[in-house]
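Q: Here is what each chain is made of, one letter per residue.
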Amino acid sequence: MTHIISVQNLRKTYGKTIAVDDISFEVSQGEIFGFLGPNGAGKTTTVECLQALRNPDSGKISVIGLDPSHQAQELRRRIGSQLQESALPDRIKVWEALDLFASVTDKISDWHSLLEQWGIAEKRRSSFAALSGGQKQRLFIALSLVNSPEVVFLDEMTTGLDPAARRVAWDLIRAVRDRGTTVVLVTHFMDEAENLCDRVAIVDKGKIVASGSPRGLIAAYATDIRVLFSTDKPDLAFLEKVSGVKNITRRGDRVEVEGSGPLLALVAAVLVEHGIVPSDLRVEQPSLEDVFLKVTGRAVVD
Amino acid sequence: MRMLTKLTWVEMKLFIREPMVVVFTLALPIIFLFVMGGVFGNTPNPEVYRGVGAMNYYMPSYYGLIMMAIGTVALPLHLAGYRERGILRRFRASSFSIWTVLGSQLLVSAVIAIVGSLLVTIFGFVTYHPDLPENIPQLIGAFFLGVACFTAFGFFLGAVLPSTRAAQGIGLILFFVMMILGGAGPPPEVMSGIMGYIGDATPLRYVILTLQNAWLPGPDFGWHTSASLVTAGITVVSALLAARFFRWE
Ligand SMILES: Nc1ncnc2c1ncn2[C@@H]1O[C@H](COP(=O)(O)OP(=O)(O)OP(=O)(O)O)[C@@H](O)[C@H]1O
Ligand SMILES: [Mg+2]
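Line by line, the protein sequences give chains A and B.
Under our numbering, the first residue of the first sequence is numbered 1, with each subsequent residue one higher.
Under our numbering, the first residue of the second sequence is numbered 303, with each subsequent residue one higher.
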C-alpha cells in the first residue's frame with residue numbers, strides 16, 4: 001500500500017506548552033484513519049499542521065506528496081478540511097457557500113447532491129446564522145467534500161449531531177472512502193473511532209501512545225470482559241472461585257466481575273446455584289475505552 | 303480567477319445585506335447633501351468653500367466621504383470580524399489567497415463607491431443644481447485614486463485592529479473626525495488652529511482636494527499635484543503596512 005500521508009518526528013509548542021511531542025505516523029491510500037484522545041491531547045494541532053494551517057517547530061510532513069510548508073496552496077486546493085473551529089459570514093446562504101467553495105477546483109462539483117446527502121437541501125436558501133448547530137456542522141462537512149478532495153480532514157465531525165444524524169454521517173463517510181478519498185478523522189468518541197476507523201492512533205499529552213486497528217488494539221491491550229448485575233446479597237466470595245475471574249468490584253447493589261474466558265456462562269451458573277437470579281445480568285465486551293484506560297492510565301474525561 | 307469572481311459576487315451580496323454599512327456608505331452622504339444644500343445653497347462666497355458655491359464644493363467632497371466611510375467603517379469592521387470569527391481561517395483552509403480575499407474587497411469597494419457617488423450625483427443635480435464637473439477624465443482619475451487610497455487604508459486598519467469592537471470604536475472615531483475636519487463638513491476656512499492641523503493630517507483632506515480640483519472650473523483649480531501625490535503616498539504606505547500585518551487568525 002502506498003502512504004498518502006507520512007509524518008516524521010512532528011513537534012509543535014506554544015510557549016511552554018508542548019502540544020505535539022515527536023509524533024510519527026503514516027496513513028495509507030483509501031483508509032479511514034482516526035486520532036483518538038482526550039481534550040488538549042494535541043489532535044487538532046497535529047491535523048492542522050498537515051493542512052498547512054499551523055507551522056510545526058520541527059518534523060517532516062508529506063501529504064499527497066506535498067510539503068505543507070512549501071506547497072501550502074496546492075495542498076489546500078486538493079484536500080478537504082472540516083475545522084474544529086471556524087465560521088462563515090452570518091448572511092451567506094447555504095447554496096452560496098457551497099457554490100463559492102466549489103470554485104477552488106476545476107473539477108465539476110456536484111454540490112447539489114451533497115446538500116441532499118447531508119440533509120440540508122431544504123435549508124439551501126437559509127442564511128448561515130439561521131442554521132441550527134447540527135445543520136452548521138453538516139454544512140461544514142459538505143463544504144469539506146465539495147472540491148472532491150484526495151484526503152479529507154474531519155476534526156470532531158459529529159460534535160453537535162443527534163444520534164441518528166451521527167449514524168448517517170458515519171455511513172456517508174464510509175461511502176466517501178469507498179469512492180477513493182482517504183479520511184483522517186479526529187474524535188474523542190470511542191464508539192465513533194471503533195465503528196468508523198480502519199486504524200486509530202491514540203494520542204495523549206502530545207504523543208501517540210498506541211496505534212493499530214480497533215480490533216487489533218483491543219486484542220492487544222484489553223482482553224478482559226466484564227459481567228455486570230445487581231444483587232442485595234452481601235456475600236459474593238464464591239465468585240472468586242469461578243475460573244477466569246480476575247477482579248470483583250461492588251458499588252452498592254451493582255457488581256462488576258472482570259475476567260477472561262466464557263465468563264458470562266460460568267458466572268450465571270454459580271449465581272443461580274446460590275439462588276441469585278438478577279434480571280439485569282449482562283456482559284460487556286472490551287472496547288477502545290478499555291484500551292485507552294490501559295495505555296494512559298486514565299479514563300477519557302469529556 | 304474563478305475564485306475571485308465568485309468571492310466578489312458573494313461579497314457584493316453580503317454588503318447589500320448589511321444594513322449598518324449600507325447606511326454609512328450610501329445613505330449618510332445623501333442625507334448630508336440634502337441638509338448642507340438646503341442650508342448653504344450654491345451661491346459663491348469668497349470667504350469660504352474655496353471661493354466656490356457650497357454645492358460645487360460638496361459634490362466632490364461627498365464622493366470622498368463615501369470612500370472614507372468604506373475605508374474607516376466598512377472594511378475594517380468586515381476584515382476584523384472575519385478574522386475574529388474564524389471566517390478567514392475557513393477561507394484559507396480552502397486555498398483562498400490573501401490576493402483573492404483582498405482583491406474581492408477592493409472590487410466591492412470600487413463598486414460601492416461608484417454606486418454611492420452616482421446616487422449623490424443624481425440627487426445633487428436634481429435638488430440643488432451644482433455646476434457640471436469641469437474635467438471629467440481628471441475627475442475619474444481622482445476618483446479611482448481616492449478609492450485605492452481608502453481601500454488600502456481600510457485594509458491597513460483591518461489588519462492591525464485586533465477585534466470587531468476595536469474596529470467599530472476606532473473606525474467610527476476616524477469616520478467622524480475625518481468627516482468633520484477633513485473637508486466633508488464645515489468649510490475648512492472656518493477651522494482654526496488645532497482643528498485645521500488635524501484636518502490637514504487626515505487622508506480625506508487630500509482625497510477631497512484632488513477630487514475638487516478636477517471638478518471645479520477656472521485657473522485656480524488645475525490637477526492638484528501635491529494632494530494627489532500625498533494620496534498616492536498614503537495608498538502605498540497603507541498597502542505595505544496591510545500586507546505586513548495581515549493575519550488570518
Ligand atoms: N493557538 C494556541 N495557542 C496556545 N496554545 C494552544 C493553541 N492551540 C492549542 N494550544 C494548546 O495545545 C494543546 C493541544 O491543543 P489541541 O487543540 O491540539 O488539542 P486537541 O487534542 O485537539 O483537544 P480537543 O479535544 O479539546 O479539541 C492544548 O494544551 C492547548 O491548550
Ligand atoms: Mg481539537
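Please keep in mind that the hints were generated in silico from the structure rather than gathered at the bench.
Note that CB positions come from ideal geometry on N, CA and C, so glycine has one too.
A couple of the hints might just be wrong.
[To be verified] Calculated cross-link-like contacts (lysine to aspartate or glutamate; reagent style EDC-like; alpha-carbon spacing at most 16 angstroms):
id: 1; chain 1: B; residue 1: Lys-308; chain 2: A; residue 2: Asp-106
id: 2; chain 1: A; residue 1: Lys-233; chain 2: A; residue 2: Asp-162
id: 3; chain 1: B; residue 1: Lys-308; chain 2: A; residue 2: Asp-99
id: 4; chain 1: B; residue 1: Lys-315; chain 2: A; residue 2: Asp-99
id: 5; chain 1: B; residue 1: Lys-315; chain 2: A; residue 2: Asp-90
id: 6; chain 1: A; residue 1: Lys-136; chain 2: A; residue 2: Glu-150
[To be verified] Which stretches of chain A does chain B cover? Using the computed rule of at least three CB atoms under 8 angstroms from a CB of chain B, they are:
id: 7; stretch: 101-112
id: 8; stretch: 163-175
id: 9; stretch: 214-221
Q: Which of the listed hints are not met by the structure?
A: 2, 6, 8, 9
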